[in-house]
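Asker: As they're listed, the protein sequences go chains A and B.
The letter at position 220 of the first sequence is residue 220 when you use this note's numbering, and the numbering goes up by one with no holes.
Count along the second sequence starting at 1, add 1000, and that's the number in this note's numbering.
In short, the hints are calculated from the structure, not lab data.
Do not take every clue at face value.
What the hints assert, rightly or not - The following label-pair restraints were derived from C-beta to C-beta distances: (1) A:98 to B:1010: 51 to 61 angstroms; (2) A:17 to B:1204: 47 to 57 angstroms; (3) A:138 to B:1208: 56 to 66 angstroms; (4) A:215 to B:1022: 46 to 56 angstroms; (5) A:89 to B:1227: 52 to 62 angstroms; (6) A:31 to B:1153: 35 to 45 angstroms; (7) B:1082 to A:31: 30 to 40 angstroms; (8) A:235 to B:1010: 37 to 47 angstroms; (9) B:1020 to A:221: 28 to 38 angstroms; (10) A:191 to B:1013: 41 to 51 angstroms; (11) B:1013 to A:227: 23 to 33 angstroms.
Where a beta carbon is used, it is the ideal one built from N, C-alpha and C, also for glycine.
Listed below, chain by chain, are the residues.
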Amino acid sequence: MNGRAAIATRMGFREQLRRPLLLVLLVAVPFLFISWSFAITEPNPRLITLPGGEQILTTMREIHGAIMVPITVGFLAGLIGLFVVQSALETDRRLVLAGYSPGEAIAPRLAVMVSATLIVLAVSFAVTAIDYIPESWGPFVVGNLLAGLIYGLIGAIAGALVGRLGGAYLMFFLPMLDIGVAQNPMFFDGDPQGWATLLPGYGPTRVLIDGAFSQGFEATGPLLVALLWLAALSVAVVVLLRRSLR
Amino acid sequence: MSAIALSGADFLREHLRARLTLVLLIVIPALFVLASASVLGEFASALGGSVAGDSASALGAGWAAAFLAGALGFFQISSSREADRRLALAGMGASRVAVGRIFASVVLGVLISVVAFLALLLSAGIAHPAHTFVAILIFSLTYIGIGTLVGSFVSGALEGSLTVAFIFLIDAFSGPGMSDSGGIAQVMPTRKAADVLIDAGAGMGSPVSDWIAVGLITLGALALAATAFWLSARPRSA
């Protein structure tokens, strides 16, 4: 990162640090949702299918504890991506007029978005660990990180395409419908099929479910799908933002 | 009166000018109701709740309308503050601005409720349509009040959206038929509306006391919203 981009990044972080309510909410929302979801869910038995086809008997409480992490992270990252990028568009246009390249203007926003997502992830993992320890932390962390990054980028795209209000409508519901309903092993037979596999939450959720309930790793296919989504969305964000900054 | 209607129509047009926003306003609640209709009963059971079948689906329609209306209320006030103050200063007055904004918000709340109601009708059927529609509308109007109230205290779009979501999720998870988690559930804003909606979903009427309670809560929410719009539009002394 060159000097100008580094200054813009520093300013971007300083801007966020001046918003104490945001920092409180980034910690309080995951803390409340994850711990509360775990506390209020009954330990009813539930048979789910893991990536690779193995079936295991677990409980609704354990599944809810595990799945609330990507729901919360996806939801918060989506809103962060939406508002961080959207609110900076006007400023970034001026930066470009003043001599910044579009890349130098976009990179700091994405750095802020990724950092905020990492904060939410860290809080979410810390809260989850109080009540529930996944069988394998590696895939669980990677799956949740991918869910956060993918939804952060979707939020950024939504902001650039449909504006603040339309983007907010979209990001309020999309992670809930995708990760919270379509990919959620609490419903259906635990193994998403058909149209659910086409949604952005499919790959990350299967990876983290594998980590949550299995010590091995059988989710190579879903991991590749998630990485493809991440790459495609990253390209889309850069192309869209470069165009909107011209 | 005609000036108020005109300004209300203008505020409505301002909100719906972006065609894609209008499309999302219609598509999102419909999709949520259709997708959640089959799973909400199972979800309630996992939380130890008793709501099931058509009542659970009906509750999903109320939630969809409430969540969207909360965002709508928040953005109505947070994005219009400067413009409203200028309109009031230019001769319209803070009261007429507030009434116009409330008019536009209520019309949008009705639109969201109609969409959620129709999606519910298509996906699960409705045993008691009139009660169901009114209960969904109450969810929507209550959250317009909550969103507006949040918008009058919180100016940042991200912070405001998260605050509305925070209130909504506590309300939804602790509501009747779901976890019904003790003391906090008793004071949540849509508790009585959820009771009415669950009864209507099951084809039953609700006690008069429930209707009085939801009527008062709705009026209170709209009065709060009107006050917030009025305070926001009121010219500041130098």
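Asker: Are any of the numbered hints broken by this structure? If so, which, sorted upward?
Answerer: Checked against the structure, the hints that fail are numbers 1, 5, 6 and 11, while the rest are satisfied.
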